[in-house]
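Chains as they are written, first to last, in the numbering used here: chain A, 3 to 130; chain B, 10 to 177.
Don't read these hints as lab results, they were simulated from the structure.
Predicted model only: the values in this text are computed from it and were never measured.
Just so you know, not all the hints are guaranteed correct.
What the hints assert, rightly or not - Within a straight-line C-alpha distance of at most 25 Å, the following computed SDA-like cross-link-like pairs (lysine to any residue) qualify:
| id | chain 1 | residue 1 | chain 2 | residue 2 |
| --- | --- | --- | --- | --- |
| 1 | A | Lys-122 | B | Ile-14 |
| 2 | A | Lys-62 | B | Ser-167 |
| 3 | A | Lys-124 | B | Asn-124 |
| 4 | A | Lys-124 | B | Tyr-175 |
| 5 | A | Lys-122 | B | Thr-125 |
| 6 | A | Lys-122 | B | Leu-82 |
| 7 | A | Lys-122 | A | Ser-31 |
| 8 | A | Lys-112 | B | Leu-82 |
| 9 | A | Lys-40 | B | Leu-82 |
| 10 | A | Lys-124 | B | Gln-57 |
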Amino acid sequence: MQIEQITEDSQAVEWNGNQHLSQPTIGNSPAIAINGFKELTFAANKIYQSVNFNNPANNKCYFKMHLYVDGQKLWQSDYVAPGNGFYNIKLDKPLSQGRYNAYLLIKCFKSDNTEINSAKVKFNLFVV
Amino acid sequence: MKKFISVLMILCMLVLLITFGMVNVNAETQYSYGGQTHSTLTYVEQSQYCVLIPETIDMNIGSYTFEADNMNLIDTEHVYVKLNEISIEPFLTFTHTNGTDQTCRKVTRYDTVSNTNVTDNIPADCVGYFSDGDTQSEVTFGLEWSQTDTQPKAGTYSSNVVFEIYLA
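Here chain B stands alone, though its shape is the one from the complex (with noise of 0.2 Å):
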């Protein structure tokens, strides 16, 4: 029994010796200065955005800005809103509330301040442009009656679409 209970000890005694050596030899290196230690804490927060999105698009309104609840990014990010529906061609297709009649309207964009052009390398199909703290697009889109267009059929006329949300 003592023998058992002397390999017993033994073998405690080399599993902590190995043990406490790993830790040692894993410590990263700390400078210590009078007993006290320096070290640099870091963490990453996350960007985080809140955007609003229209629930129908009425042609009636004329034109949309995208506004958003939070916006917390990095200085150097952005959040895009897309339309796919306009990623070939500029125009949204809109129904009657017939069921049957439809009509087409090309989608427009402008800088929200400025009332310009928008020109710079936001992407053709963009809609709402965000940087860090904006509530309101940089963006406004809206829709532009086409001169060659028959005339539609006297009605209400709506169009679900597919917002693309992304940050980048």
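Only chain A is shown next, with the shape it has when bound in the complex (with noise of 0.2 Å):
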């Protein structure tokens, strides 16, 4: 059997953590990055719940996150960094079973404190 000598890709450069990517810009306005979604599972009666909320790394901006469930809030962030999100949070109250109108209120912040726009990213909850 032959044995073929592997070759290392020239454009590999040496890796010293993450670079800083550009910030997202419209046309040449900053810019915010929102990931949305459709919908979101809970579990039923239970307050500590699994999701993905975060902000995106190549923003520039601060968000705080607020959950509203059938226009009740049941759970809020502080500041978050960019590249940092929550992958479990704790509600306020368990919700029982049922599809609800829900949506997540991002209010961003530049690192002074100025709020800039706000997003609301609405989806179905279901808690089964």
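Hints are included, so try docking the two chains, each in its own frame, into the full complex.
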């Protein structure tokens, strides 16, 4: 059996941690990247839930996230830096089985605490 | 002791019989050809998207076309970006950097490609509209000066708004 020598990719460079990615823009104006989703599923009668809420790494602003379910705020974060997020959250109260209208209100702030535009990501919440 | 072991063995056998019996009852109908079993595996890939919103709305830029980093949708789905502030009247209020003077501008919308007015079934307060794979909104929105406006005070005006984003 003939053994082939492997060849290294000459384009690869020595890794010194993540580089600073350019900030999102619309045209030449600074922009904020907002991740969206259609639906989310929670476990019934539990306050700890699994989610994927994050502030994309290429943003320059901080996020403050607020989860509203049928108009009632059930969770909120403090300032979340770009590249950080939540896999697990603790609700203020558990939910019973059913389908709910929910949204994640994302308030955006510069590092000097100046508030900039916000986004409200609407989705269907299924509690099973 | 022997009696106890015998009873224990009978109980174990009963449990095994019941367990295997249940598996057979619940097994899905499968078709077997020559020792091979055919089945269909399915899974659902959730629709996902990432929309870019402007940090602030600067009147001097004139018009905005939303962009997207990722728009992975089912063919019949669309992502909508609405401006809560114009759901009743298509006007946005801007505040001077002095914190007191204000001015108002009408929000206009047009088709990004054809540059014509948006007339189809896109909601009136929708300023961004994406289909699967779009990296740019099919709707561009701008700001129109009203001829009846009084001359606003010189200086810089800006407005912070809440963009409502959803997939339908």
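Hint check:
| no. | hint | in the structure |
| --- | --- | --- |
| 1 | A:Lys-122 <-> B:Ile-14 | 67 Å, violated |
| 2 | A:Lys-62 <-> B:Ser-167 | 20 Å, holds |
| 3 | A:Lys-124 <-> B:Asn-124 | 29 Å, violated |
| 4 | A:Lys-124 <-> B:Tyr-175 | 5 Å, holds |
| 5 | A:Lys-122 <-> B:Thr-125 | 28 Å, violated |
| 6 | A:Lys-122 <-> B:Leu-82 | 19 Å, holds |
| 7 | A:Lys-122 <-> A:Ser-31 | 21 Å, holds |
| 8 | A:Lys-112 <-> B:Leu-82 | 31 Å, violated |
| 9 | A:Lys-40 <-> B:Leu-82 | 10 Å, holds |
| 10 | A:Lys-124 <-> B:Gln-57 | 13 Å, holds |
The structure does not agree with the numbered hints 1, 3, 5 and 8 stated previously, though it agrees with the rest.
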